[in-house]
Amino acid sequence: DACHAYQLMRKSGIPESQIILMMQDDVANSTENPFPGTLYNKPAGQDAVDVYDGCKVDYRGSVVTADLFKKVITGDDSDLPNGSGKVLKSTSTDKVFLNFVDHGGVGIIA
Numbered sequence: 002d003a004c005h006a007y008q009l010m011r012k013s014g015i016p017e018s019q020i021i022l023m024m025q026d027d028v029a030n031s032t033e034n035p036f037p038g039t040l041y042n043k044p045a046g047q048d049a050v051d052v053y054d055g056c057k058v059d060y061r062g063s064v065v066t067a068d069l070f071k072k073v074i075t076g077d078d079s080d081l082p083n084g085s086g087k088v089l090k091s092t093s094t095d096k097v098f099l100n101f102v103d104h105g106g107v108g109i110i111a
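When we follow the numbering used here, the leftmost residue of the sequence shown carries the number 2, and every step to the right adds one.
None of these hints come from the bench; they were simulated from the model. Be careful, since some hints might not be right.
Each pair of labels, with its calculated beta carbon distance range [as the list claims (entries may be wrong)]: (1) G76 to T32: 32 to 40 Å; (2) G76 to P44: 36 to 44 Å; (3) L89 to T32: 31 to 39 Å.
Here a beta-carbon is modelled for each residue, glycine too, at the ideal position from N, C-alpha and C.
Throw the hints in and build the complete structure from the sequences for me.
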């Protein structure tokens, strides 16, 4: 879902520099993925496109926490974990699209 949203934003003309993507990134290379290194949001044979291809992840895995999320959306670039270092630098005149995709869990952003 996150990589599909990323691809839609890029196709809509939003530059990579204006997209911040945080995800666990644990599916594409999972041993349970029948198509290693790829992600599809449609079943094979239905014009399926690998949405993982070209998806630029700024923060992945265990560094994706509620604290990181708060820092990124509030523009706080202090003490960021490994990643691109991108944070939201918007002003009151900017339009911001926030797409939060989560399967949930108590006390976590997963």
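32 to 40 Å as the expected CB spacing between T32 and G76, which holds or is violated: holds, 38 Å
Cβ-Cβ distance between G76 and P44: within 36 to 44 Å? Given about 40 Å between the Cβ atoms, the range holds.
Determine whether the Cβ-Cβ distance between L89 and T32 falls within the hinted range of 31 to 39 Å. holds, 35 Å
Of the hints listed earlier, there is not a single one the structure fails to meet.
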